[in-house]
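2 protein chains.
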Amino acid sequence: MVSLKDIAKVCGVSTATVSKALNNQKDIGEDTKVKVRDAAAKMGYFPNSAARALKTNRSYNLGVLFQDAAGRGLTHEYFAAVLNGFKVQAESVGYDISFLSSGNRQMSYYEHCRYRNFDGVAVVCADFRDSEVQELLNSDIPMVTIDYLHQNCTSVSSDNVKGMQELVTYIYQKGHRKIAYIHGELFSYVTKERLTSFYRTTDSLGLEIPESFIREAKYLVAKPSAQITRELLRLKDSPTCIIYPDDSSAIGGRNAIVEAGLRIGGDVSIAGYDGNLISRLLHPKLTTVSQNADKIGKEAARHLVKAIEKPKTTLVQRVVIEGNLIPGQSVEDFLDVEASDT
Amino acid sequence: MVSLKDIAKVCGVSTATVSKALNNQKDIGEDTKVKVRDAAAKMGYFPNSAARALKTNRSYNLGVLFQDAAGRGLTHEYFAAVLNGFKVQAESVGYDISFLSSGNRQMSYYEHCRYRNFDGVAVVCADFRDSEVQELLNSDIPMVTIDYLHQNCTSVSSDNVKGMQELVTYIYQKGHRKIAYIHGELFSYVTKERLTSFYRTTDSLGLEIPESFIREAKYLVAKPSAQITRELLRLKDSPTCIIYPDDSSAIGGRNAIVEAGLRIGGDVSIAGYDGNLISRLLHPKLTTVSQNADKIGKEAARHLVKAIEKPKTTLVQRVVIEGNLIPGQSVEDFLDVEASDT
DNA sequence: GCAAAGAACGAAAACGTTTAAGGTACTGTG
DNA sequence: CACAGTACCTTAAACGTTTTCGTTCTTTGC
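So the sequence lines, in the order shown, correspond to chains A and D.
Per this note's numbering, the first sequence starts with residue 1, numbered consecutively.
Per this note's numbering, the second sequence starts with residue 1001, numbered consecutively.
Think of the hints as simulated: they come from the structure by calculation, not from any bench.
Treat the hints with care, as some may be off.
Stated by the list, open to error - Covered stretches of chain A, as calculated for chain D (at least 3 residues, CB under 8 angstroms): (1) 53–61; (2) 74–88; (3) 94–100; (4) 113–120; (5) 243–253; (6) 281–295.
The structure presented is a predicted model; accordingly, all values stated were derived computationally and were not measured.
We treat Cβ as the ideally placed atom computed from N, Cα and C, and that holds for glycine.
Please put together the full structure from these sequences, using the hints given.
Given below as structure tokens:
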């Protein structure tokens, strides 16, 4: 591999001059700069990141913690989309991204970051109850979290409050009054936000939601949601619309409803959350709240890079990215039987 | 950060000794080894990867080229699953993985690899018509490709020949004789394999497949497949079963068939490919060929690491991973009208 | 008792950069 | 002409490792 020394030899200058010329420092003459750059290009030079990192303590490498509790890894559609946005944005400003590994139990996440000299870390998806994750969050490494709040670092998250509010309001406007909400795991920050927003919105709409309409299932697993759906349908006063933790779970509910001989929309309306592939492809189209995963990822990268490059002028903040309500035929107008009776 | 020098000072030995002790070299006494290791642990030492990489030319970092032509990035379900398998396996043997960036147009892929000192590269998903990709493939960096053959490097791919053969045979056994195949882009190696296998199988089953039954759509985009489905249904002698490029495309076909007032399975049978989330969730369940993405990723990592660590004894080979036929209700028994007439 | 071999460790160079400090030659100023 | 100022370049150290080649001391074999 061609190094600064080789270029220096060819150009008849010192390696220091070559380094400074390539880094466009001001104390190098314009003509030498040109000469050095030409030679470098001609010789196929490119810097050695390890040497540079060693000397400068800057790796231009960002770590990504991507370790979901469910073990679905990168096949987690929403987080994969977030990561992709993050990657695109980070690369566009000259940073590479690496995974903060999990399997290698020699080092904790924090140690791994130091070992690899990551300039910063994005916690895209992690089990926040894990003490190692907490150790990382409490460290002094520039960091950004997705969909999770921590006093120490900037967070970028989906606007769950507004999303749920819009969804419930939309369903209400379609005439539904008996709305059930099957939510995801309660330990999740996202669940808390959505559930609170659900209560707040139904409250302000003057709805009385019975306890039995609020149930806990699991994110991204169809079966629990399908099971709870069956139970909800068996209630004497069953809901006319069911909101699911996410789109995949909604498909589970959909299947249960169809199996019960009922029609989606016509008999029971359903809504998901995420706006993932399934919701877009399926007929009847699923009413859902699309989360702007790509933008969330990009914003995260932008804030992280800012925190790295301008630590003095950057402060911890909370960034919220709005989603969009995507109406589909899975929620239909509900005509109250008693009302039409009169 | 605590370095070898610090440990050396504490232990009263030289840095060379510390280095050798921690690396468990044989020319260090057992007692000093213990002393050094204890001190290192107590002081919270861990090595500096940059310094180590600089000195040894080994980074324990693998590059991943993940750049699909369609720009879907990590949201590409199949490749994301492959990547996840790769990541898990690589991490379990002490390698980290980084993305081979795309946006940063200062360097070609190859240069990027040298710059980052990647020990090896996995080409998970790339536009193989790209000259930069070819430059990389032709380089001397240890490499493994997924679903693509190149004389230079080991490839791990899905057994498309067997997969398609099983699928067609299954459909044939269900009584179908008029089988259409809407395939993905022809420039793709995978398409060629599947198409050839389709022809070979139908040939050996004695089926005459009219030209009009073989159509090109796009992978992972529902619309083109839906459009072609409509055209196929309009044929005077239309197919009784349609095979799609993948599961997502099959949903496009499904929608077109339902819109035409026909029943999936009952009137027109359909089959997908991939075995993705949708195929598993949907009712009626989609008949498809599940590709063992996780295993493909893991095998790729295993072979790549072997090529890196034992270059002498490793030769380029082609690894093929079998998939599984997943029967679903989307392909139903077809009872030939004429046959039952007699 | 002595040479040879082996065990345990250290000194120093090297990997490819960056950068502080310093040096030289030129230019303009009073 | 002396001086400061500037423009340009070099020297050398440093970043944290690994590794080659010694060196010293102990053990072994005869």
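Here is what the structure says about each hint:
no. : hint    : result
1   : 53–61   : holds (count 4)
2   : 74–88   : holds (count 9)
3   : 94–100  : holds (count 5)
4   : 113–120 : holds (count 4)
5   : 243–253 : holds (count 3)
6   : 281–295 : holds (count 3)
Checked against the numbered hints given earlier, the structure satisfies every one of them.
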